[in-house]
Amino acid sequence: MYDCLIKLYRSIECGEFKWNFNPRWSYYLSVAKEMHNISKLYRDEEIPSVDNIFQHNFAVAILIMLSDRSNENDHWLLEHKNSMGFDFRESFVRNIFQRVENTNGAEQKIRIDRSNLLTTSFDEFACINSKLYSDGINVEFKEEMATGPGVFREWIFLVCQELFDPENSLFLACPSDRRRFFPNPVTMDTRQLDYFTFCGRMVALALTYKVQIGIAFDRVFFKQLSGEAISLEDVSHADPFLYNSCKKLLEMDAAFVDSDAMALTFVKEIEEFGTKKIVELCRDGSSIAVNSNNREEYIKLLIHHSYVKPISEKVACFARGFGEILCEQSLQRIFFRYLELKDLDLMLYGSDQALSVKEWKAHTDYSGYEQSDEQICWFWKVVSGMSMEQQRQLLFFWTSVKYLPSKGFASLSSRLYINRTSASRHHLPSSHTCFYQLVLPQYPSLAVMKKNLLVVCQEHACSSFGSL
Numbered sequence: 001m002y003d004c005l006i007k008l009y010r011s012i013e014c015g016e017f018k019w020n021f022n023p024r025w026s027y028y029l030s031v032a033k034e035m036h037n038i039s040k041l042y043r044d045e046e047i048p049s050v051d052n053i054f055q056h057n058f059a060v061a062i063l064i065m066l067s068d069r070s071n072e073n074d075h076w077l078l079e080h081k082n083s084m085g086f087d088f089r090e091s092f093v094r095n096i097f098q099r100v101e102n103t104n105g106a107e108q109k110i111r112i113d114r115s116n117l118l119t120t121s122f123d124e125f126a127c128i129n130s131k132l133y134s135d136g137i138n139v140e141f142k143e144e145m146a147t148g149p150g151v152f153r154e155w156i157f158l159v160c161q162e163l164f165d166p167e168n169s170l171f172l173a174c175p176s177d178r179r180r181f182f183p184n185p186v187t188m189d190t191r192q193l194d195y196f197t198f199c200g201r202m203v204a205l206a207l208t209y210k211v212q213i214g215i216a217f218d219r220v221f222f223k224q225l226s227g228e229a230i231s232l233e234d235v236s237h238a239d240p241f242l243y244n245s246c247k248k249l250l251e252m253d254a255a256f257v258d259s260d261a262m263a264l265t266f267v268k269e270i271e272e273f274g275t276k277k278i279v280e281l282c283r284d285g286s287s288i289a290v291n292s293n294n295r296e297e298y299i300k301l302l303i304h305h306s307y308v309k310p311i312s313e314k315v316a317c318f319a320r321g322f323g324e325i326l327c328e329q330s331l332q333r334i335f336f337r338y339l340e341l342k343d344l345d346l347m348l349y350g351s352d353q354a355l356s357v358k359e360w361k362a363h364t365d366y367s368g369y370e371q372s373d374e375q376i377c378w379f380w381k382v383v384s385g386m387s388m389e390q391q392r393q394l395l396f397f398w399t400s401v402k403y404l405p406s407k408g409f410a411s412l413s414s415r416l417y418i419n420r421t422s423a424s425r426h427h428l429p430s431s432h433t434c435f436y437q438l439v440l441p442q443y444p445s446l447a448v449m450k451k452n453l454l455v456v457c458q459e460h461a462c463s464s465f466g467s468l
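Residue numbers (full-length UniProt numbering): 1 to 468.
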């Protein structure tokens, strides 16, 4: 088995490997699974550990990608998650999304009102039969001509940004890390559950099509999606005040806690539909004083009533929507259990590093321009002087990608292009986001170049000038 993996790895490395589906690849994983089962019968250290297989992470990841998913139950791999690298884990979980198979123009078509983005997206998406997601989705903004992959990427990104905007009350940002979000424990609207289902679908689509949305999940949210219990450490980002208070309670002298000086009982104040009330954490909680013997139980119940019970329905609805995009809805929990939170960050948020203009230039080609032309020199000089947010807005205008994949420009599906146009210097740049093309007029000076580029870097502009 090990020799076979080594040979497979070497054939990939030297370019001899043929990237085609082969039903025999599943035999490798079947053998590994039986080795896993047999190893459980022995404690003898001389029995080779199946973990040795995962020393060849890349080769095993290729096997998973090229194997027939329908014939193999690979849940046993969960026990070896920590032996796998990120590439391995990512390959496995991406393999359980529906594959888009449409080749005959039968995509599900939806028309979106950009001025009412979230509501029209919710209503239009609700009309799509989940069994037909594999046909693909064609998005068109009303009163705009453009369609295609670039518009689709833009739509996914913009909708996800709105869904996680705290002003819409579905999610809250962690006080200590504003990139991270968790479901709002307070219910403001009875329709929220439907929106959580919709949100699950949208996040799954973002992952399916590898659209980095600049959103990260908090551990409170991530662990509940994977079916794991929430600990005190897990709430440290979501609620630093609760975390620090509970830590202090655990560290207090037992005699002081038992003195009842804090007058703590097993109750908690909550808010429902704008009304505050006191709830008991357990039966007769109001009459049970917190002491040194039960303080751990008190903290456990406090966390449950703060960050598990109030959001459990919302998490379930999100999970249901997420599962609709998978090849099997029952695999939703497996998806999150296979990943570490840092893995999901890389897949969903993307890179949070500053954009490298040097790398950007290295992955850009030109049509009608030469790299030495003064317009191109001016262009990169302007880009180099932009703020990080302006650079991201320009990249979004150009490609419908605002946050790069974790491995940078090299991981994009195409190189970037700057195309020359004969349009007058009074015209703004335009783009063909589907093809990663920026159409740049021959501006007569650095000042004119800067003025026009900064216009398309404005947030309201970068989502409306692009085209097919």
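Note that these hints are calculated values from the structure, not bench results. Think of the CB as a built atom: it goes at the ideal place given N, C-alpha and C, for glycine as much as any other residue. Some hints could be false.
[As the list claims (entries may be wrong)] Derived DSS-like pairs: lysine-lysine, alpha-carbon spacing no greater than 25 Å straight-line:
no., residue 1, residue 2
1, Lys309, Lys361
2, Lys247, Lys268
3, Lys358, Lys309
4, Lys210, Lys248
5, Lys450, Lys361
6, Lys210, Lys268
7, Lys210, Lys450
8, Lys450, Lys381
9, Lys342, Lys248
10, Lys358, Lys381
11, Lys381, Lys268
12, Lys109, Lys247
13, Lys247, Lys361
14, Lys210, Lys309
15, Lys277, Lys309
16, Lys381, Lys342
17, Lys300, Lys210
18, Lys247, Lys309
19, Lys342, Lys407
20, Lys247, Lys210
21, Lys358, Lys450
22, Lys361, Lys300
23, Lys109, Lys142
24, Lys268, Lys248
25, Lys300, Lys276
26, Lys342, Lys210
27, Lys358, Lys276
28, Lys342, Lys361
29, Lys300, Lys277
[As the list claims (entries may be wrong)] The following label-pair restraints were derived from C-beta to C-beta distances:
no., residue 1, residue 2, range
30, Pro240, Lys342, 19 to 25 Å
31, Gly227, Ile38, 24 to 30 Å
32, Ala362, Glu269, 19 to 25 Å
33, Asp260, Ser231, 23 to 29 Å
34, Lys342, Gln161, 19 to 25 Å
35, Cys327, Lys248, 20 to 26 Å
36, Leu41, Gln161, 49 to 55 Å
37, Gly368, Asp123, 40 to 46 Å
38, Ile38, Ser287, 54 to 60 Å
39, Arg333, Leu264, 32 to 38 Å
40, Asp365, Pro240, 44 to 50 Å
Checklist entry - Which earlier hints can't be squared with this structure? => result 1, 3, 4, 6, 7, 9, 11, 12, 13, 14, 16, 17, 20, 22, 27, 28, 32 and 35
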